[in-house]
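From just these sequences and the hints, can you work out the full model?
There are 2 protein chains.
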Amino acid sequence: MTSPENVRRVACVGAGVIGGGWVAHFLARGYDVTAWDPAPDAGRKLRRLVDAAWPTLISLGLADGASPDRLTVTDTLEQAVSEADFVQESAPEKLDLKRDLLARLDAATPAGVVIASSTSGYPMTDMQTAAADPSRLVVGHPFNPPYLVPLVEVVGGEHTHASAVAWASRFYEIAGKSVITMDNEVPGFIANRLQEALWREALHMVANGEATVRDIDLSITEGPGLRWAVMGPMLTFALAGGEGGMAHMLDHFGPSLKSPWTRLEAPELDKQLYDAVVAGCDEAADGRSIADLVAERDRGVVEVLRATGRLDREGDSR
Amino acid sequence: MTSPENVRRVACVGAGVIGGGWVAHFLARGYDVTAWDPAPDAGRKLRRLVDAAWPTLISLGLADGASPDRLTVTDTLEQAVSEADFVQESAPEKLDLKRDLLARLDAATPAGVVIASSTSGYPMTDMQTAAADPSRLVVGHPFNPPYLVPLVEVVGGEHTHASAVAWASRFYEIAGKSVITMDNEVPGFIANRLQEALWREALHMVANGEATVRDIDLSITEGPGLRWAVMGPMLTFALAGGEGGMAHMLDHFGPSLKSPWTRLEAPELDKQLYDAVVAGCDEAADGRSIADLVAERDRGVVEVLRATGRLDREGDSR
Chain S
107 MTSPENVRRV
117 ACVGAGVIGG
127 GWVAHFLARG
137 YDVTAWDPAP
147 DAGRKLRRLV
157 DAAWPTLISL
167 GLADGASPDR
177 LTVTDTLEQA
187 VSEADFVQES
197 APEKLDLKRD
207 LLARLDAATP
217 AGVVIASSTS
227 GYPMTDMQTA
237 AADPSRLVVG
247 HPFNPPYLVP
257 LVEVVGGEHT
267 HASAVAWASR
277 FYEIAGKSVI
287 TMDNEVPGFI
297 ANRLQEALWR
307 EALHMVANGE
317 ATVRDIDLSI
327 TEGPGLRWAV
337 MGPMLTFALA
347 GGEGGMAHML
357 DHFGPSLKSP
367 WTRLEAPELD
377 KQLYDAVVAG
387 CDEAADGRSI
397 ADLVAERDRG
407 VVEVLRATGR
417 LDREGDSR
Chain V
107 MTSPENVRRV
117 ACVGAGVIGG
127 GWVAHFLARG
137 YDVTAWDPAP
147 DAGRKLRRLV
157 DAAWPTLISL
167 GLADGASPDR
177 LTVTDTLEQA
187 VSEADFVQES
197 APEKLDLKRD
207 LLARLDAATP
217 AGVVIASSTS
227 GYPMTDMQTA
237 AADPSRLVVG
247 HPFNPPYLVP
257 LVEVVGGEHT
267 HASAVAWASR
277 FYEIAGKSVI
287 TMDNEVPGFI
297 ANRLQEALWR
307 EALHMVANGE
317 ATVRDIDLSI
327 TEGPGLRWAV
337 MGPMLTFALA
347 GGEGGMAHML
357 DHFGPSLKSP
367 WTRLEAPELD
377 KQLYDAVVAG
387 CDEAADGRSI
397 ADLVAERDRG
407 VVEVLRATGR
417 LDREGDSR
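Chains S and V supply the protein sequences, listed in that same order. So the first sequence is numbered by my numbering: it starts at 107 and just counts up by one. So the second sequence is numbered by my numbering: it starts at 107 and just counts up by one.
Source of the hints: derived by calculation from the structure; they are not laboratory data. Where hints are given, some of them may not hold.
When chains are identical, the list treats them as one kind, so a pair holds in a single copy or across two.
[What the hints assert, rightly or not] Using 27 angstroms as the maximum straight-line C-alpha spacing, the simulated DSSO-like pairs for lysine-lysine come out as follows:
# : residue 1 : residue 2
1 : K200      : K364
2 : K377      : K200
3 : K364      : K151
4 : K377      : K151
5 : K151      : K200
6 : K377      : K364
This is the structure we're talking about:
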């Protein structure tokens, strides 16, 4: 098995928005990329996606030798993976299709090579059932576009070997991604559970005429979204507690968990959960005081406001 | 009644994290600010908050004549509001307390002056019941910290006069905020419903040992949070549909609404909702093509990555 440091050729199977985004990312990081997609015009669309992303990737900084010319679109799945050091599957989100495809990929890929699925939420345990060697199959869940949003969530299934999970996590890090390695399979992993809750609430609001699509988007980009690029929802909320941090926030806003502010019922805020959240925030703060975190958030949000051009279009008095 | 353009003196009642953040914002925008809070050490804490925020406010750009010296902390509520052109209430989130306080503020504030509540989610209809003149009471819901996050959600109650809602929306705009004016009262308004859904899902995950606080925060700051500073969740998801936009995204991911990716049950994706979401995205795109939106998102995310220092700490190959 090639070590994560020595990967040279990556195969991307499925070349839609996500698969194509992976292709662009791996090309920019200096890999040879082979790609296959069964759609008749997939190759053309893929090259268009890569061309459109390339100026962005240049501005991010390319790896030595990176070039869109190092992409090969193959006629068959087997050609795409036969010499790959790593395989990224990004097929449509249908369980049967994923299950069959992963079995085909397993049959065609050199022994020992790790195969990752971009699935948005299927547990690998459910997808690896038809493969002869399920031990090398992992989830490597990216966010759109994979060439720009760093996060990848990595988790194995019941029949995945721990070494394959570790290999994939290390490889993604080397390839410039931010990795969360999960110990347990949770449908939707972590980030998708969070954004799916928000998305479903948004759909309910549209369905009930409570907000327009435009209001929903504006409420995030001018509101919480500015903070979330800088600091996650937990530490952000800890700062709503003032000098008392998360404990004070929970004392103050804990009762709001009973309020009809969303259609999602909250868990009971018992002592165990209260303590876990407070301790988790302390751990995440990692020695930074509330004042440190406030200063850090403020610096970050100012930079984000500046970077997104918002400082030019505020009140008359400016 | 003073016109929104001619407001000189703003009263902030309640000077905790949110009230203090409003004080800092209004000072930075060049207003005289009077503040009152019943806590014994509130004045000291408030000045500390303003001092801590001031360097940030300088970097954002102060209005002419803005100074922390234009803050007066008063001994009584009545002193704070007696000469105010606008009142912002930011008391603890308890309905009885808000109801009584708004009645007291109404009694002490000059006739015709608009009084806004920072409530995180109570409908004004439920809070205005004890006031002699409920017609001037509105919700003006900010995000923490109010001196930095632009969004304010404005909505009236059943007994609020439409002119008070319009006055408040206009005043906030002049004072440098981004305003969403809502026609109907929805508990939690818009942004809080969305972030509360995410927060409750996060609490469930901690309660069930599915993710740590640190993982939750990382999953947002390295993932969807980077996009949400630039483009809201609806248009962001439209781009997951590739050249087919939101319609293709719903075709592709619609079935995932049945998946257990969150504890929040989704609405039925019937034709009416499908059409409303697609049409809403078209309207929000406002003539921009999918390619335009992709380019805009990419430019924005690159700037956010740069602004938050992420370009310096990626893969070895960079």
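Intra- versus inter-copy proximity for K364 and K377 (alpha-carbon distance at most 27 angstroms): within (16 angstroms within a copy, 32 angstroms between copies)
Query - Homo-oligomer pair classification [K200, K151; C-alpha up to 27 angstroms] - result: within (22 angstroms within a copy, 55 angstroms between copies)
How do K200 and K364 come out at 27 angstroms by Cα distance, when the copy is not named: within, between, both, or neither?
The answer is between: 12 angstroms across copies meets 27 angstroms, while 36 angstroms in one copy does not.
Self-check item: Same-copy or cross-copy closeness of K377 to K151 [CA-CA at most 27 angstroms]
Solution: neither (54 angstroms within a copy, 29 angstroms between copies)
- Please work out whether the CA atoms of K364 and K151 approach to 27 angstroms or closer within one copy, between two copies, in both situations, or in neither? neither (49 angstroms within a copy, 30 angstroms between copies)
* Asked: Is the C-alpha distance from K377 to K200 at most 27 angstroms within one copy, between copies, in both cases, or in neither?
  -> Only across copies: K377 and K200 sit 22 angstroms apart there, 40 angstroms inside one copy, limit 27 angstroms.
Violation of the numbered hints given earlier is confined to hints 3 and 4; the remaining hints are satisfied by the structure.
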